[in-house]
Amino acid sequence: MNQSRATQFGLPRLSVVGVTIAGLLALAVASWVFVLAAGSQQGADFFSLDTLRRGWHFVAQDLLGIDAAGTPAFARWSAWKDTAPLAYRTVAMSVLAIGIAGLVAVATFMFGARNVMMGELAPYGSKAGTLVFVVVRGFFTFTRAIPELIWAMIIIFMFAPGILPGALALGIHNAGVLGKLSSEIVEGLDRRPLQALRSAGAGRMQVLAYGVLPQALPRFLTYLFYRWEIIIRATIVVGFVAAGGLGFEFGLAMAHLKYTTVTLLLIWYLLLVVAVDVAAALFRRLAK
Amino acid sequence: MAGLFEGRRLLTLALLGAFAWSLASVSWSDRLVHPGGLNAVGEIFGDLVHPELSFGILSDAIGAAWETVAYAVAGLTLALLIGLPLGAVASGVLARRSASRLALVSSTRFVLAFFRSIHELVWAWLFIAAAGLSPMAAVLALGIPYGGILGRIYADLLNDVPEAPLRALRNSGASEWRVFWHGRLPMALPDMLSYSFYRLECGIRSAAIMSFIGLGGLGREIQLSLDDLAYGRMWTFVFFLAALVVLVDVWSSVVRKRVEV
Amino acid sequence: MAALAPVTLRVRRGERVAILGPSGAGKTTLLAMVAGELQPSSGALRLDGRDLGGLRPGRELARRVGLIHQQFDLVPNLSALHNVLVGRIGEWGLVRSLVSLVWPQERPIAMAALARVGIAERAPVRAGRLSGGEQQRVAIARLLVQDPAIMLADEPVASLDPARADEIMQLLAGIAVEGGKTVVASMHLVDLARRYFTRLIGLRNGVVEFDLPADAVTDAMLERLYATHGLRDDGGIV
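Chains as they are written, first to last, in our numbering: chain A, 1 to 288; chain B, 1 to 261; chain C, 1 to 238.
None of these hints come from the bench; they were simulated from the model.
Please read these numbers as outputs of a predicted model, since none were measured by experiment.
Take every hint as true, because none was put in to throw you off.
Straight-line Cα separation of at most 30 Å, DSS-like style, residue types lysine-lysine; simulated pairs:
| no. | chain 1 | residue 1 | chain 2 | residue 2 |
| --- | --- | --- | --- | --- |
| 1 | A | 81 | A | 258 |
| 2 | B | 257 | A | 127 |
| 3 | A | 288 | A | 180 |
| 4 | A | 127 | A | 180 |
| 5 | A | 180 | B | 257 |
| 6 | A | 288 | B | 257 |
Not everything, but these chain B residues come out facing chain A in the computed CB check (under 7 Å):
| no. | residue |
| --- | --- |
| 7 | 18 |
| 8 | 22 |
| 9 | 26 |
| 10 | 32 |
| 11 | 74 |
| 12 | 77 |
| 13 | 117 |
| 14 | 119 |
| 15 | 134 |
| 16 | 226 |
| 17 | 245 |
| 18 | 254 |
Every residue gets a Cβ at the ideal spot worked out from N, C-alpha and C, and that includes glycine.
Let the sequences and hints guide you as you build the complete structure.
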């Protein structure tokens, strides 16, 4: 028997990568079996010519308005003019959301970094530091694990519909994402300049201000703009429930089967996504 | 002379200005907060420490969690089928002649950008409007935008591979195709794997919200509990969702430590 | 595991001591202990008869001992000026050092130090954008501003080309002579050590092989110190 493959218990050693690959394959097979079985239970066969025909009909007649009575919404100037303020408010929602997320993350990410709270940057091994670390990381995990749409469903209990509840929902979820990412930046910082600061007589707070913050901030900004790109895409779904911007209008148009308006709103979305991607790339370069 | 972050002061001002503008576009009034809204949210978070843990709820939660995972994993396999080939093409490392290469790369990149610029929930809604309610709609809706994201990231990773080892392969007479299989892909694979794992975590969240347009899973249970004002029950399902996300996160960081040098 | 055998070294004020020896000899360990980064497993460090061992990194230690490394001493995202002013933050206290990040405090002191090391015009440039030689100049300027009694240098020129290395050592030695400072440095370039230091200590496997005035060290001693290694033409050790 190959000795390197056997542990002291005589069992074959399971490599993490091997287990992962096997586990993922098994999971994929089981998932597809489940999905296909659940699909056939519902009666209508998804894999059929009929589906294809209905799909084609939906795209050509409903979305694109070919052969339909009246001018499709996306070809009417007035429809564009009516929806422009919604696009404006959608951008405002995304900026508000990234602002909230950024502020919360900036205020907390230091406390979520292992090396600051209980590692080499903390001069005294303190129980309080460990406690704060666990609480802050727990907060990041909790806010990050709940999708923005579910946050919106909760927040709408409190606020009148508008861009604020939508932005809050997006902001809370992304605060967790950004907080975790930036804590990990701090944990991965080059420690040599920090040590040099210590030997030049800097106290703990001064090391954070002179060594940690200046090194972490540019990368934090990079992540911030990257999240902005993601947030603008997600404004549409929080809009469904928080009733702000293009998202809410999209929900209405779907509900009232006004599909050419749906197309119009989707075009707006493509434009916004492209514009934000370009702006975010520009800001990222500025932040470097 | 400028102080901290010299040229970045301008950027800082611009960011603060943008945030102020966004704050100003909220219609602030005393009707912004619902009467009793604070109480409702207080109740919701008060129940955070009293999740419902009865046998019935827990078995519902396990079933819903499995459904969510199944959509996420099936969607992600589809995303891999889309992202891997399109990403390889979009990286432009396979084509040789520059004219065809440019056309191929830019058109593939455009398709990938289109796929990912529409949110997965919107894709799902459109599929259901077109073809009726079916779990396949959720899988397609996840697979398409995630395929777009994976394809773009794969393309970048394949492009960023260091050139020197590839040149050595080429000098030994390997074709571009062989350079891809024996050089580029193996070198980019660890990063590709760890990014895909991260997308699986996102996929679980996305699959959970597919309930919004009528499909089952954890999101549906959360929504139903909210409708019943059964907040304790809602938190049970939320904790299951959080546990799934953390599980994938931990799994992926363990794998990442093994595959990254 | 002990990196150093029991060693007793007495360094007088104003001496410039170079520690030589093959890699793994214990040079870095010795310096790290003097700098307060490492605690000796036994024994003590005294400065003017006062025990240094009890001092945590901070103002008290910074006044007595300053340190520069081979590289990565500076915060790459801060300007050269701010990196030099880091030499003052031990004295400033928290509030003033925070204010200084936006409105640099005591600029004249820092500018004088940068002028002394010859790169006053580079003050607003971020440290990460400076060349290796310029970065070492900034590190020396910071040491000037910090003004410790003892300057420690761990391979201060190891990452520089020979011409640049000579300039930096000349600068360091010049500053030490002007201020009556004590210098203790680990060196791998024997020629530079002989030119700019008053006393050479040979360290091998944690044991002191020789401890002599610079002009008393012979080529034969050096060859023995580096026995399993070859001596390069330029005096560097392969």
